[in-house]
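There are 2 protein chains.
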Amino acid sequence: MGLLNKNPKGVKLIDNLQFDEKGLIPAIAQDADTGEVLMLAYMNEEALSRTLSSGEAWFYSRSRQELWHKGETSGNVIKVRSVWKDCDSDTILIIGQPTGPVCHTGNKTCFFQQLTEQDLPSSHPK
Amino acid sequence: MGLLNKNPKGVKLIDNLQFDEKGLIPAIAQDADTGEVLMLAYMNEEALSRTLSSGEAWFYSRSRQELWHKGETSGNVIKVRSVWKDCDSDTILIIGQPTGPVCHTGNKTCFFQQLTEQDLPSSHPK
Numbered sequence: 001m002g003l004l005n006k007n008p009k010g011v012k013l014i015d016n017l018q019f020d021e022k023g024l025i026p027a028i029a030q031d032a033d034t035g036e037v038l039m040l041a042y043m044n045e046e047a048l049s050r051t052l053s054s055g056e057a058w059f060y061s062r063s064r065q066e067l068w069h070k071g072e073t074s075g076n077v078i079k080v081r082s083v084w085k086d087c088d089s090d091t092i093l094i095i096g097q098p099t100g101p102v103c104h105t106g107n108k109t110c111f112f113q114q115l116t117e118q119d120l121p122s123s124h125p126k
Numbered sequence: 001m002g003l004l005n006k007n008p009k010g011v012k013l014i015d016n017l018q019f020d021e022k023g024l025i026p027a028i029a030q031d032a033d034t035g036e037v038l039m040l041a042y043m044n045e046e047a048l049s050r051t052l053s054s055g056e057a058w059f060y061s062r063s064r065q066e067l068w069h070k071g072e073t074s075g076n077v078i079k080v081r082s083v084w085k086d087c088d089s090d091t092i093l094i095i096g097q098p099t100g101p102v103c104h105t106g107n108k109t110c111f112f113q114q115l116t117e118q119d120l121p122s123s124h125p126k
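If you read the protein sequences in the order shown, they are chains A and B. According to the numbering used here, the stretch in the first sequence is residues 1 to 126, in order. According to the numbering used here, the stretch in the second sequence is residues 1 to 126, in order.
Hints in this document: simulated from the structure, not taken from any laboratory. In this text, a Cβ means the ideal position worked out from N, Cα and C, and glycines have one as well. Treat each hint with caution, since some may be false.
[Unchecked claim] Covered stretches of chain A, as calculated for chain B (at least 3 residues, CB under 8 angstroms):
1. 22-31
2. 64-71
3. 75-84
4. 97-108
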């Protein structure tokens, strides 16, 4: 498995990750069973490392400026099934099983508000 | 529809979006049919506006620093079924139908490389 994840030069996939100027990388969480996109949060290296080694999702809270074990307070953790990086190594995708509502509002997913053309600032005032 | 998308003060959902200091907001694209997460890119206000009004996904290319009609060159556009914002209004989710491989590598999704604990810098050297 380790060998499969190395390129011919022996560089590990994680070495090429593009953390931004704040040391963060966006991470999408998707429900492994329903396919629903649950949330987007940010990880630093330590959060990613803990996610890969613990099997539960860890993030870095930009507002609190600290490592954040998702569900630490609410009890609603995300059990990780698999972790992926994108083609240009600047986004993470976690596929996992949430043990309860992911959103702090109590919704199952953070994406519960739809936008339509009606939400655009009106370009044709009557 | 417009009324449903307004809060009691008449503020449109889009007014509350949290664009970052560069005027961008991350946007996840998900395949409406397979549920696969396809890519993460960034939108400015104009890209979001064009996405909502044209029915195809537009982004802002950070590398080229210009509006980017996804599929403009490759022909592989994303036909938009619905657009969502998250609870704290700092991420967009586009659910749509890609007309071809989304990734510039030719993969159907940009997330085709799995990360495992084996990819971590080894903390227990032998």
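_Hint numbers contradicted by this structure_ = Number 2 - this is the single hint that the structure violates.
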